[in-house]
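Following the hints, complete the assembly by docking chain U onto the known chain Z.
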Amino acid sequence: MATTPQTLFEKIWNRHLVRPETSETPAVLYVDLHLVHEVTSPQAFTELRQRGLTVRRPGQTIATMDHSTPTTPRNAQGIIPVLDTQAQAQLTQLESNCRDFGIPLFALGSENQGIVHVIGPEQGLTQPGMTIVCGDSHTSTHGAFGALAFGIGTSEVGHVLATQCLLQSRPKTMEIRINGRLSKGVGAKDIILAIIAKIGVGGGTGYVLEYTGEAIRALSMEERMTVCNMSIEGGARAGLIAPDQTTFDYIKGRPRAPQGAAWDAAVADWQTLVSDEGAVYDAVVVLHADELAPMITYGTNPGMGIPINGNVPTAGDMADESARAGLAKALAYMDLEPGQSLIGKKVDVVFIGSCTNSRISDLRLAAQVMQDRKVASGVRMMVVPGSQQVKKQAEAEGLDEIFKAAGAEWREAGCSMCIAMNGDQLKPGQYAVSTSNRNFEGRQGKGGRTFLASPLTAAATAIAGVICDPREILG
Amino acid sequence: MNKFIPYTARFAVLPMENVDTDQIIPARFLKTTDKVGLGDNLFSDWRYDSNGQPKPEFLLNKPFAKGVEVLVAGTNFGCGSSREHAPWALQGFGFKAVLSTYFADIFQNNSLKNGLLPIVISPETYQLLVASDAPNPGHATLSVDLASQTVTLPDGSTMWFPIEPFAKYCVLNGVDQLGFLANADSDISAYEQTHATRVDTVGL
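Residue numbers (my numbering), protein chains in the order written: chain Z, 1 to 475; chain U, 1 to 204.
The hints are simulated quantities; they were obtained by calculation from the structure and are not laboratory data. Take the hints with a grain of salt, since some may be wrong.
Result set (DSS-like, lysine-lysine): computed pairs, CA atoms no more than 30 Å apart in a straight line [stated by the list, open to error]:
#, chain 1, residue 1, chain 2, residue 2
1, U, Lys62, Z, Lys446
2, Z, Lys446, U, Lys3
3, U, Lys62, Z, Lys329
4, Z, Lys446, U, Lys35
Stretch by stretch, here's where chain Z covers chain U in the computed footprint (C-beta under 8 Å, at least three residues) [said to hold, decoys possible]:
#, region
5, 1-13
6, 50-60
7, 147-155
8, 194-204
In this text, a Cβ means the ideal position worked out from N, Cα and C, and glycines have one as well.
Next comes chain U alone, as it looks inside the complex:
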């Protein structure tokens, strides 16, 4: 995971609530054993017709979608399954952050593990972004700064967003959480010594 660098980016607005992980990346693309190429199938069923041709009316097929780095979406983004393929696909397309009024738990967790920022915004900010995008879709920009936990909106105003301190530390520094857990080894061993193993799967 790379260190976080503040950026200014164009955004695309997907004005739908409850965008589920089956839309983000349908299950048939989960037969892969790596993370490569998932971006090509991001929102596949909305993006391609039955012949595999791009549907021109879908957001990510519009000319402005090329190079867009932030997705703004309706509430409860990422609901459904635990597939980490969802953030992998979003990143594979080129997204660095998703802004929504709230995120499904597992999607949020998975995103942070990969440095894809799930940024929680107020309904007012969401409306402001939808409105500022409307005149010329995909052309307005916003800026994301993780250190100060702020997004600078197209009108120049700044909003603060919440993020768990530890996740922030990891994303800012490009540190992954497995290293931190591995360093807890002595505590884990101590726990195991005082807590009997509950089950044994060996021999099943």
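Excised from the complex, chain Z in its bound form:
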């Protein structure tokens, strides 16, 4: 008997139904892995305490410190000093919450600490077919492994701590197919910025995205994470990429990857996690990799992106009055003119880091550009590895020396200037090219102005001191 073809999303969703959705109630969805950090969890633990509840599955929960942690270099005692008393209180509270409820914690300065979306994959915790949640919208990152992964609020953090489940209505599905091959100097960040520029910051609302096509298949796992990471910037809570040999090779041998016979069984199962031939998506969007150029944003949301050699839109390019008002407001904030080119625009700061682009391959790309070159005078360049493990690896490869010799700051691991709640921030009016994910007003510091771009573009800009097409430097 023929079965109805299913999308990858449907397969994972169905596997995790504790109770199906009814006309009256949402589905009860089981969560395989819960990632916790200091900023969105304190009120959830308070709720548990007030109700006398325990954490149902501490062994399916992992905590790290990343958002409010400083990334300043260690002191003579090897300690990363936290000078902000409010941040310190939040970190102390996470420590006591993890201790009281039995949750493993990667504390500040410890060898595995890092950005929550870097450490999951690094430890082999992120695996295909899983459901993964975290009180952080960039949880979509883990979808790169063919896991259904999405951000939740603090109330829901409490739900998962207490019950290992969430109440969820089933989202719709959207296939985003990227045909063809990327040209030199164009990478994963450019793909996702181009997608968001096409569908808009609300275009994916209510959908789970599945990225397919030749260009996606050709990406490494870290590049796939960059793509899935920014699904939320298109409004989609989750983005998926079906697992394949690239995925299995990445996971194999990591600390919590299955081993021996369990590995073979896991891979056999993971190989079934693909959208079936003939499976129907609620929407389909197609892009051609060959047509993509390095992308950069000009405005105050991630959908305001253009090819780096293009021009800032004008009012005439906008669909309606509201969009024209949005453009005018964004350009006023950015102090840019409609129709201008961004190439040659002077910048004050270059930030390489964040859960979007702080992994070893990102740092290698940036280092390749920085090798034997100098950061332009008047530019502050920060390179912030995503985790202590990434930092260690980069140092083993000598990448830190390349950055330092170029005049860049080599920092401790954390969210850093992406969220600007940890001391790393822009000054009012400053321009930054950032490899992070959000260019909202004030996101990187009150009054700061952000251009989002790839690690290659960011590094090329650091050297030039002005926004620069990385293809010119790569030759």
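For chain U alone, coordinates are given in the frame of chain Z:
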């Protein structure tokens, strides 16, 4: 969470699209470990100047904003991060509902968990509200009734709005969802018995 009681309230219009959670409550205010006081920093970067003084031209600093209970905003309100501090800050200021042509998923979820109603309106209704507010900003009223899922607009007309049945039940009755989930315990246990644990974080 309190039970929902139908109300008539004045509204404020923020005619901007894609209002993100970093505008609603900037990240630097997320270092708190409770929910208290976030309303003071609602829309902080738009509301206060670099010396921390209120900017008189910003919507919520106008005299009429005192006591306003409903926010009407442009499309895709609440996009960006998952911070539940966003609805906490809106409620802290005194808002009971936000009306927009659509909401970002996570913001909508978070709002409903706290009894802040994200009410989806048509572009026409949005225009009508903007127009009825314009002559005397912040003075027109609207009424919200969750049981019938209706908003009575300033011109006396009534519009219906969608809401998930379960979220409606919870907000109407002041019930939170954790209790419901906790009652699913036997089903969760049964699921766990038939589905092997995928990972173990202990000892990492």
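Each hint, compared with the structure:
no.	hint	result
1	U:Lys62 - Z:Lys446	holds, 22 Å
2	Z:Lys446 - U:Lys3	violated, 38 Å
3	U:Lys62 - Z:Lys329	holds, 21 Å
4	Z:Lys446 - U:Lys35	holds, 22 Å
5	1-13	violated (count 0)
6	50-60	violated (count 1)
7	147-155	violated (count 0)
8	194-204	holds (count 9)
Figure legend: structure checked against the earlier numbered hints; hints not met, in rising order: 2, 5, 6, 7.
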